[in-house]
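Could you build the full structure based on these sequences and the hints that come with them?
Chains A and B, in that order, are what the protein sequence lines are.
By our numbering, the letter at position 96 of the first sequence is numbered 96, and the numbering carries on one by one without gaps.
Each number in our numbering comes from the position in the second sequence (counting from 1) with 1000 added on.
Keep in mind that a hint or two might mislead.
[What the hints assert, rightly or not] Here are the simulated lysine-lysine pairs, DSS-like style, with alpha carbons at most 25 Å apart:
id: 1; chain 1: A; residue 1: Lys38; chain 2: B; residue 2: Lys1205
id: 2; chain 1: B; residue 1: Lys1205; chain 2: B; residue 2: Lys1218
id: 3; chain 1: A; residue 1: Lys50; chain 2: B; residue 2: Lys1005
id: 4; chain 1: A; residue 1: Lys71; chain 2: A; residue 2: Lys16
id: 5; chain 1: A; residue 1: Lys38; chain 2: A; residue 2: Lys22
id: 6; chain 1: A; residue 1: Lys16; chain 2: B; residue 2: Lys1005
id: 7; chain 1: A; residue 1: Lys38; chain 2: A; residue 2: Lys50
id: 8; chain 1: A; residue 1: Lys22; chain 2: A; residue 2: Lys50
id: 9; chain 1: B; residue 1: Lys1005; chain 2: A; residue 2: Lys22
id: 10; chain 1: B; residue 1: Lys1005; chain 2: A; residue 2: Lys38
id: 11; chain 1: A; residue 1: Lys16; chain 2: A; residue 2: Lys38
[Claimed, not checked] If you want a taste of the chain A side facing chain B, the calculated C-beta under 8 Å gives, among others:
id: 12; residue: Phe84
id: 13; residue: Gly92
id: 14; residue: Ser106
id: 15; residue: Glu108
[Stated by the list, open to error] Beta-carbon label-pair distances, calculated as ranges:
id: 16; chain 1: B; residue 1: Ser1073; chain 2: A; residue 2: Pro65; range: 39 to 47 Å
id: 17; chain 1: B; residue 1: Arg1062; chain 2: A; residue 2: Asp39; range: 44 to 52 Å
id: 18; chain 1: A; residue 1: Lys71; chain 2: B; residue 2: His1002; range: 41 to 49 Å
Worth flagging that the hints you see were computed from the coordinates, not collected in a lab.
Note that CB positions come from ideal geometry on N, CA and C, so glycine has one too.
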Amino acid sequence: MHEFDLSSAVVATVRKHAHGRKVTHVTLRIGRLRQVVKDTLEFYLAIVGKDTEVEGATLEIIDVPAVLRCKTCKNEWEIEIPAFICGTCGPGNVEVATGEEFMVESIEVEDEEDAACTAQR
Amino acid sequence: MHRTKVRVVEDALDANNTIASANRSDFDRENVTVVNLMSAPGAGKTTLLEAGLNGIAEEGTRVGVLEGDVQGSFDADRLSVLHIPVVQLNTDNGFGGECHLDANMVRSALPAVPLDEMDILIVENVGNLVCPAEFRIGEDSRIMVCSVTEGEDKPLKYPLMFRACEMVVINKIDLLQYLDFDVDRLEANILQVNPHATVLRTSAKTGEGIEAFRDWLKALPARIAAERAHDHAHEHGHDHDHDDHGHDHHDHEHATA
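The following block contains the structure:
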């Protein structure tokens, strides 16, 4: 249910970097722990992006697994269920290594042939 | 025309976090500690505040409340009898309101909030277990209330919310005698998702646990100040070992707020 607001945030971020150019492709990097429903996000992106530079852009989502790290034993492991506990050392010293990302990774925009923007990566 | 790939690598919630930082500066300037209070609808946020804040001013802690609701001022009306500053913030723009408060909504309400009259501002978020966890508002601490009528498995279904909070209040424990509810299992599930959470059991109705809630609240400004002084020293390169302090979730917040 948070996907509507998240898609608004995505569109705002994409537009900021598009500088008025038409956006053809958006790549997001989303961690498992964000509990984002991809289909729902895509559905709302189409609605929120309508009549903006983002309208019609294709969407690619890079899934980032939920990986925890124990700061005591330095072990790292991926979780499939929300258990933030180290099998060896217990709950005291566990941190999230990856899985909390909600990033706009890159966008593809249409440029004029001779635009200086091609220098951008 | 040809296509250019633009590398962005930006947290999509940066815009909200920037406004949250501006709120934070305003709170800091007035020396106000801010609590973001969240829960599912009906868990008892307002009742907890009615019980927990009653008489707290006489004990030397000045608390104000910013009431977030989709519509109406029912909660603010209930709290107004406590003779503390209460400001209503409605998220309804006429077409059905937002399901959460974000930094900008809080910012728009701030001119009406007498920050100079309070030590702690409690922002009572819209009842919702999902969206409020995503949006920082410039708070120092996040608390959530869950009640024993909601099911022991809620932390496992809504880990985003349960992990975002440093304290979880289990409310309505006076009802346990009527329910097939395993409160120990709920607490175990909370700690599985958020091992560093402080868990408190309360009944806003009978008053059980309310004293502990009030004590936690009264101690909050000094604790937050100490933590921030510690982090500040850390930022300046002093040799501090953070590993055994057990506040991962603060590290996460500092990256954005």
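Status of each hint after checking the structure:
1. A:Lys38 with B:Lys1205: violated, 41 Å
2. B:Lys1205 with B:Lys1218: Judged against 25 Å, a Cα distance of about 21 Å means the pair holds.
3. A:Lys50 with B:Lys1005: holds, 21 Å
4. A:Lys71 with A:Lys16: violated, 37 Å
5. A:Lys38 with A:Lys22: holds, 23 Å
6. A:Lys16 with B:Lys1005: holds, 15 Å
7. A:Lys38 with A:Lys50: holds, 18 Å
8. A:Lys22 with A:Lys50: holds, 12 Å
9. B:Lys1005 with A:Lys22: holds, 12 Å
10. B:Lys1005 with A:Lys38: holds, 22 Å
11. A:Lys16 with A:Lys38: Satisfied, since the Cα-Cα distance of roughly 22 Å is no more than 25 Å.
12. Phe84: Constraint on A:Phe84 satisfied, holds at 6 Å.
13. Gly92: holds, 6 Å
14. Ser106: This hint holds: A:Ser106 lies near chain B, its Cβ roughly 5 Å from the closest one there, short of 8 Å.
15. Glu108: Holds, because the Cβ-Cβ distance from A:Glu108 to chain B comes to roughly 5 Å (cut-off 8 Å).
16. B:Ser1073 with A:Pro65: 39 to 47 Å: holds, 45 Å
17. B:Arg1062 with A:Asp39: 44 to 52 Å: Holds, at about 48 Å.
18. A:Lys71 with B:His1002: 41 to 49 Å: holds, 47 Å
Consistency note: the structure conflicts with the earlier hints numbered 1, 4.
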